[in-house]
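Trainee: Use the sequences and the hints to build the structure in full.
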Amino acid sequence: MAFIELKNVSYKYPYTKEFALQNLSCSFEKGKFYGIIGENGGGKTTLCNLIRGLIPHFYLGKLTGECLIEGKDIRDWDTAELSSKIGYVFQNPFTQISGIKSTVFEEVAIGLENLGVPKDEMIERVINVCEQLDIGHLIKNNPNELSGGQRQRVAFASIIAMDTETLVIDEPTSQLDPEGTENVFKIINTLKHSNKTIILVEHKIDLIAEFCDEILVMEDGTVAFAGPTHEVLTKRELLQHEASIPEVAKFGLAMEDAGKHLSSIPVTMDEAYRLVKERKGR
Amino acid sequence: MIEIKNASFKYPNGFTALENINLTIKEGEKVAIVGQNGAGKTTCVKMMNGLNRPFEGDVIVDGVNTKDVTVATIARKVGYVFQNPDEQIFNSTARKEIEFMPRYYKLSEEEVKQRVDYAVEICDIARYMDTNPYEIPYPIRKFVAIAAVIASRPKYIILDEPTAGQDLHGTQVLGAMVDKLTKDGITVITITHDMEFAVRNFERVIAMAHKNIICDGTAQDVFWNEDVIADAKIKKPAMGELAKRLGLDGKILFCDELVKRL
Chain A
143 MAFIELKNVS
153 YKYPYTKEFA
163 LQNLSCSFEK
173 GKFYGIIGEN
183 GGGKTTLCNL
193 IRGLIPHFYL
203 GKLTGECLIE
213 GKDIRDWDTA
223 ELSSKIGYVF
233 QNPFTQISGI
243 KSTVFEEVAI
253 GLENLGVPKD
263 EMIERVINVC
273 EQLDIGHLIK
283 NNPNELSGGQ
293 RQRVAFASII
303 AMDTETLVID
313 EPTSQLDPEG
323 TENVFKIINT
333 LKHSNKTIIL
343 VEHKIDLIAE
353 FCDEILVMED
363 GTVAFAGPTH
373 EVLTKRELLQ
383 HEASIPEVAK
393 FGLAMEDAGK
403 HLSSIPVTMD
413 EAYRLVKERK
423 GR
Chain B
3 MIEIKNASFK
13 YPNGFTALEN
23 INLTIKEGEK
33 VAIVGQNGAG
43 KTTCVKMMNG
53 LNRPFEGDVI
63 VDGVNTKDVT
73 VATIARKVGY
83 VFQNPDEQIF
93 NSTARKEIEF
103 MPRYYKLSEE
113 EVKQRVDYAV
123 EICDIARYMD
133 TNPYEIPYPI
143 RKFVAIAAVI
153 ASRPKYIILD
163 EPTAGQDLHG
173 TQVLGAMVDK
183 LTKDGITVIT
193 ITHDMEFAVR
203 NFERVIAMAH
213 KNIICDGTAQ
223 DVFWNEDVIA
233 DAKIKKPAMG
243 ELAKRLGLDG
253 KILFCDELVK
263 RL
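Chains as they are written, first to last, in the working numbering: chain A, 143 to 424; chain B, 3 to 264.
These are calculated hints, taken from the structure and not from any lab test.
Hints may contain errors.
[To be verified] Derived CB-CB ranges, DEER-like:
#1 Ser-226(A) <-> Ala-74(B): 45 to 51 Å
#2 Arg-78(B) <-> Lys-214(A): 55 to 61 Å
#3 Gln-116(B) <-> Ser-289(A): 36 to 42 Å
#4 Asp-399(A) <-> Gly-249(B): 45 to 51 Å
#5 Tyr-120(B) <-> Ser-240(A): 36 to 42 Å
#6 Glu-287(A) <-> Gly-177(B): 32 to 38 Å
#7 Ala-74(B) <-> Ser-167(A): 52 to 58 Å
#8 Phe-256(B) <-> Ser-226(A): 45 to 51 Å
#9 Pro-139(B) <-> Lys-419(A): 39 to 45 Å
#10 Asp-399(A) <-> Lys-246(B): 22 to 28 Å
#11 Glu-212(A) <-> Asp-119(B): 49 to 55 Å
Yeah, the Cβ is synthetic: ideal placement off N, Cα and C, and Gly gets one too.
Mentor: The structure is reproduced here in structure tokens:
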């Protein structure tokens with residue numbers, strides 16, 4: 143059984159006319175790394191809000207269809223209980239950071255505090271996570287005085303610290319430089335290896351291509367394409383949708399257009415290199 | 003022309019963010035600033051509109067030293083779009099937000115409309131005009147903040163991380179915006195972590211690291227200099243990286259260049 147399953151879900155935020163999700167069906171299995179891509183306004187964040195139970199528990203509005211987490215309908219979950227199963231990293235770190243804590247250490251510990259984790263364990267977990275995310279040197283700083291990129295890492299750390307089975311992550315790297323971005327992806331990838339389920343909304347398609355097992359392309363509140371990463375990202379039709387494809391895939395398609403076919407369309411740099419070498423050798 | 007001369011900047015807590023910066027940006031240029039988080043990019047551009055005053059050295063905008071005038075005076079010339087739109091937006095609809103500066107300048111109704119229409123078209127946000135900015139998705143809200151600055155019609159526009167959170171469409175709108183604004187005589191300076199965006203849309207690229215500028219030139223100068231890439235912790239655009247791995251010379255950065263060479 144899929145860990146999370148959505149069946150014909152439609153949802154409208156309160157006081158709005160248009161549906162944010164329309165007849166959406168998809169499922170997520172345990173231990174896999176999913177990338178969600180697609181145009182802004184296509185429903186990516188709304189889908190995250192639903193999986194995390196913010197819809198319907200915080201955002202009212204009109205929800206139809208079924209959203210099952212471990213077989214139990216989202217309407218029947220207690221949100222506190224759900225929060226210890228599914229961690230959610232918000233899109234905007236400026237929103238996520240509580241603003242009420244005066245040090246990074248306390249900010250990262252906030253979720254653990256609420257869960258009632260013993261003090262020694264809490265300290266150890268916070269310090270480990272801060273080291274992992276390269277904010278160890280900032281633990282005494284005020285989170286409200288950090289740069290955008292640093293704040294984003296603090297917000298991320300506070301969720302990782304909670305060690306939930308599933309992580310829903312909405313654009314964790316939008317404020318980060320390329321190196322910071324790659325580090326975050328590497329951390330997410332190690333989480334995957336500890337058998338966590340990861341649902342990541344991200345525009346950085348080159349990294350999605352490298353790390354994700356499966357991809358969902360969202361458009362107009364529903365899933366336009368879904369499947370294994372390579373299969374989805376090499377679809378030429380994707381170019382006509384408002385989703386980007388990796389630069390190397392565009393390169394593969396451009397080679398085809400120039401009559402210089404590679405034996406398949408690459409989605410990662412390593413693959414592109416291999417395919418060009420192979421073509422030269424032919 | 004914006005001139006930064008031997009400028010250093012310290013935050014009130016004593017942290018030195020910039021050390022002896024020298025930089026000249028001429029009218030009509032398209033300039034991208036790249037570099038690691040914490041390199042001083044935002045601190046540097048905030049000196050250009052007077053939000054930050056140099057601790058040592060001078061910043062001169064069209065012959066006026068930013069030390070001698072108020073931020074409001076410089077802001078008429080140099081518009082700055084914050085990294086986080088929520089630090090900037092304060093009106094109840096996108097329209098009010100965008101009309102705010104033209105009305106503050108007491109322009110005629112016709113001029114207000116003209117400026118708002120111009121900004122809204124460039125930012126592609128017509129359908130959100132009567133919406134509360136906080137009900138507009140974050141990436142589109144960033145366009146509301148940009149439109150508000152465009153409508154104030156500065157000579158220089160500084161965009162701080164405009165590509166963060168943008169989808170393909172948003173990035174394309176930004177690319178077209180850079181062209182349109184510079185064509186209309188407005189200088190565009192942007193900070194970005196999106197190397198593909200920098201390469202595609204900007205003629206001049208500045209790499210920052212260690213509280214200073216370490217390279218200032220064309221995209222080829224910056225992205226084919228391995229020392230600069232390592233120091234500024236930036237990334238070679240994908241086509242450049244592939245060309246490098248394949249051992250091709252010619253400082254390739256674009257797909258069509260690479261396809262032609264193979």
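Trainee: Does each hint hold? Answer for all of them.
Mentor: Verification of the hints:
At roughly 50 Å, the beta carbons of Ser-226(A) and Ala-74(B) sit within the given window of 45 to 51 Å. At roughly 59 Å, the beta carbons of Arg-78(B) and Lys-214(A) sit within the given window of 55 to 61 Å. Look at Gln-116(B) against Ser-289(A): about 37 Å separates their beta carbons, and that is inside 36 to 42 Å. For the hinted restraint 45 to 51 Å between Asp-399(A) and Gly-249(B), the CB-CB distance of approximately 24 Å leaves it violated.
Between Tyr-120(B) and Ser-240(A) the Cβ separation comes to about 40 Å, which falls inside the hinted range of 36 to 42 Å. The supplied range of 32 to 38 Å is met by Glu-287(A) and Gly-177(B), whose beta-carbon atoms lie about 33 Å from each other. The hint said 52 to 58 Å for the Cβ distance between Ala-74(B) and Ser-167(A), and at roughly 54 Å that hint holds. With their beta carbons about 49 Å apart, Phe-256(B) and Ser-226(A) fall inside the hinted range of 45 to 51 Å.
Range check, Pro-139(B) to Lys-419(A): Cβ separation about 42 Å, and the 39 to 45 Å hint holds. A C-beta distance of roughly 23 Å is found between Asp-399(A) and Lys-246(B), which places it inside the suggested range of 22 to 28 Å. Evaluation of the 49 to 55 Å hint for Glu-212(A) and Asp-119(B) yields a pass: the beta carbon distance comes to about 52 Å.
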